[in-house]
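S.K.: Sequence:
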Amino acid sequence: MGSYFSSTPSASSSAKRPMHVLIAGGGIVGLTIAQGCRENGIPYTLFERDTEGSRSQGWALTLHWCLDALERTIGPERAAKLPSAVVDRTLKEDAGNFLFLNAETAETKYKIPPSKRRLRLHRQKLRSVLAEGIDVQEGKKLTRVEEIDGGVRAHFADGTFADGTILIGADGNNSNVRKHLLPDDYALTPLTVHLVGVIRHFTADQGEAVRQLDPLLFQALHPKTGNYLWYSIQEVNEEADGRVNFDALVIISWIMKDPVKDAIPKTNRERIAMMKERASNYAEPLRSIVMDIPDDLDFTTPLRLGDFPCRDWDNKGGRVTLAGDSAHAMTMYRGEGANHGILDAALLVDQLKRMHKGEIEQKAAIDEYEGEMRPRTHTAVLKSRAAALVAHEWDQVTDDSPVIGARVAPVTAFKSPFA
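Using my numbering, read the sequence shown as starting at 3 and increasing by one per residue.
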């Protein structure tokens, strides 16, 4: 057995431990928390289940109302590098609109201008920016959490453990830290929405008509079939003649009504064939977005969607808490999951700073953090769930529906109650 952090005095002592933050999960939220600790001289260790070679690229993400909170947390040096992670450097920050199209005609049903600030970011490039200066302990799958005298111990699958004064679970949808806090109530709520997503390449010729619709992203729904399309840029490459080729995420989703007919196929080739079948009556250029996916593409992402409305848990005297998807996994249909997760990280760092300065006791700090986060994100999860369902019902896609309605930034995104 080994320990990455073993404070003095030992676990059997009743004397107070020096503050040390354990972060489970090296994704966007965990790295933001780690950067906040690094910026403020708070001792921390970050543990990530995967290793660099085994981690998938992940889908690009859109950040909007969380940007101020992100920048103040990670500090000016890293904040200045965020533009280097955008998916398309040929565009201005606010380029593009929010489009919802009729897939049968390719006509626009809704066109909403972007928010004042919006960055569409390549997930792995963003992760690289946030990982600068952070010692990520990779290959550390959390298996067990133990409360010890004055702190907490995290056990890992390789037989090692780490001791600290607080453990933050930022370990994703299927969080093992959540399992510790809610052993009988940790599972995602399964939804009836199924999807298959692929990342495919567009040549300059293939992409020209698509980019005329919108250069970054759009969604579409066929009114008669309920087959939904999501399209978004992953990465753009400039060519010598000024044109661009690019990779884009293409998703087809549907409501599971028949457990046999609507089941997700088992092989990549069968999944791509299903995507094409469901998009066969789309109008151009939407139809070609799907039909031109190579039949032999070697990677597809099948998902049976689920979510986790944030709920109460015992934070073990402030020693264990959650952030991001670990606390409130939500569907993608409102594009707010990452924004809420980053706001969690920023507000939690605000509390860690106060704890480090001796301005507040740990339990009070974590209770306050959770007291703000729970109602904010519980509502967000349910809105995203409703949006996922409405997005497949043409008659329900209206101005004030959850899939179209305004994304109102939480007040705490711009003014922290803890700073």
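Hints in this document: simulated from the structure, not taken from any laboratory. Mixed in with the good hints, there may be bad ones.
Between beta-carbon pairs, the in silico distance windows are [what the hints assert, rightly or not]:
#1 T162 / P192: 56 to 66 Å
#2 A408 / P377: 13 to 23 Å
#3 E241 / D300: 49 to 59 Å
#4 P20 / R313: 29 to 39 Å
#5 T110 / D243: 22 to 32 Å
#6 E286 / K263: 38 to 48 Å
Even glycine gets a Cβ: it sits at the ideal position worked out from N, Cα and C.
S.K.: All hints, please: hold or fail.
M.R.: Hint by hint, here is what the structure shows:
1. The hinted range of 56 to 66 Å is not satisfied by T162 and P192, whose Cβ atoms lie roughly 34 Å apart.
2. For A408 paired with P377, a C-beta distance near 19 Å keeps the hint of 13 to 23 Å intact.
3. In this structure, E241 and D300 break the distance hint of 49 to 59 Å, their C-beta atoms being roughly 25 Å apart.
4. For the pair P20 and R313, the beta carbons lie near 32 Å from each other, so the given range of 29 to 39 Å is met.
5. One distance hint, 22 to 32 Å for the beta-carbon pair T110 and D243, holds here, with the actual separation near 29 Å.
6. Between E286 and K263, the C-beta spacing of about 27 Å breaks the proposed range 38 to 48 Å.
Comparing the model with each earlier hint shows violations of hints 1, 3, 6; every other hint is respected.
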